[in-house]
Amino acid sequence: AQRVTQPEKLLSVFKGAPVELKCNYSYSGSPELFWYVQYSRQRLQLLLRHISRESIKGFTADLNKGETSFHLKKPFAQEEDSAMYYCALRSGGSNYKLTFGKGTLLTVNP
Amino acid sequence: GAGVSQSPSNKVTEKGKDVELRCDPISGHTALYWYRQSLGQGLEFLIYFQGNSAPDKSGLPSDRFSAERTGGSVSTLTIQRTQQEDSAVYLCASSLGQGVGSPLHFGNGTRLTVT
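Just so you know, the protein sequences line up as chains A and B, in that order.
Anchor point for the first sequence: position 33 equals 48 in this note's numbering, and the numbering is continuous, going up by one each time.
Anchor point for the second sequence: position 93 equals 176 in this note's numbering, and the numbering is continuous, going up by one each time.
Calculated directly from the structure, the hints in this document are not laboratory data.
Idealized CB from N, CA, C, for every residue including glycine.
Take the hints with a grain of salt, since some may be wrong.
[To be verified] Derived CB-CB ranges, DEER-like:
1) R56/A - S170/B: 13 to 23 Å
2) S90/B - E82/A: 39 to 49 Å
3) E35/A - S145/B: 31 to 41 Å
4) S170/B - L120/A: 16 to 26 Å
5) L179/B - K30/A: 49 to 59 Å
Use the sequences and the hints to build the structure in full.
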C-alpha cells in the first residue's frame, strides 16, 4: 500500500530563513510525487511535481528514491509562503489515485 | 473558463438528515474525484470517476455515502443519515485524464457541519 508521511504538523520560521517541509513516502514502484498548497481562504492548488523538476515561487523538491523522500525547500522564506502544504503520491503509469499526507502548516513570521 | 465549482459552500444539518453535495468539474475534464478534508487527517480519498468506466468507490467510509456522475459532467455526493463524524470539508477535483501530466484542479469545497 502507498503511504505519505509529513512528520511536522506545524512549522514556524522567520522571514528570510531557509525552510524545509519534510515528506517521506512508502511505495515499492516508481511513484509520481507532488506538492499541493492551500493559502488562507483559497482552494488547494498544485505547487510543483517531481517530473517537471521545476522551481515554483522559489520552492524546489528533489525526489530521493534511496531515502524515499520528497522534501520541499526554499532558501529564503517569505510571509506570503504561509499556508498549508500537502505532499501527495500517485503510483505512476495509468494510475489515477492521489494519496495525500496529512499536511504541514507553515507560518512565516515577520 | 471557470474552475471546479462546488455547492453549497457551507451546509449545516441535523444528525440523521440526508445531504447532497454538488460538483461541477472543469469543462472537458474526464476525471472527477471526491476527497474529504478533516482537521488533522489530511485529505482522504472517497471516490473517483473516469469517463464511462465504473467508478472507484474504495474510499467511501460507509454505505451511507454514495456518489453519481451524470452525463460525464456534474457529480453529486450524497450522505444519508448524517452523523457528527461526517463533519468535514468535502473537496471535489477534476483532471483532464489520468496519469502523468494530469494534475488535479480542486474546488473550494463544501464545509459540512452535522449538529
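Status of each hint after checking the structure:
Between R56/A and S170/B the C-beta distance comes to about 19 Å, which sits within the given range of 13 to 23 Å. Our hint of 39 to 49 Å for S90/B and E82/A holds, since their Cβ atoms are close to 43 Å apart. Between E35/A and S145/B, the C-beta spacing of about 38 Å keeps the proposed range 31 to 41 Å intact. The hinted range of 16 to 26 Å is satisfied by S170/B and L120/A, whose Cβ atoms lie roughly 20 Å apart.
Checking the proposed 49 to 59 Å range against L179/B and K30/A shows it is violated: the Cβ atoms sit about 37 Å from each other.
In this structure, only the earlier hint numbered 5 is contradicted, and the remaining ones agree with it.
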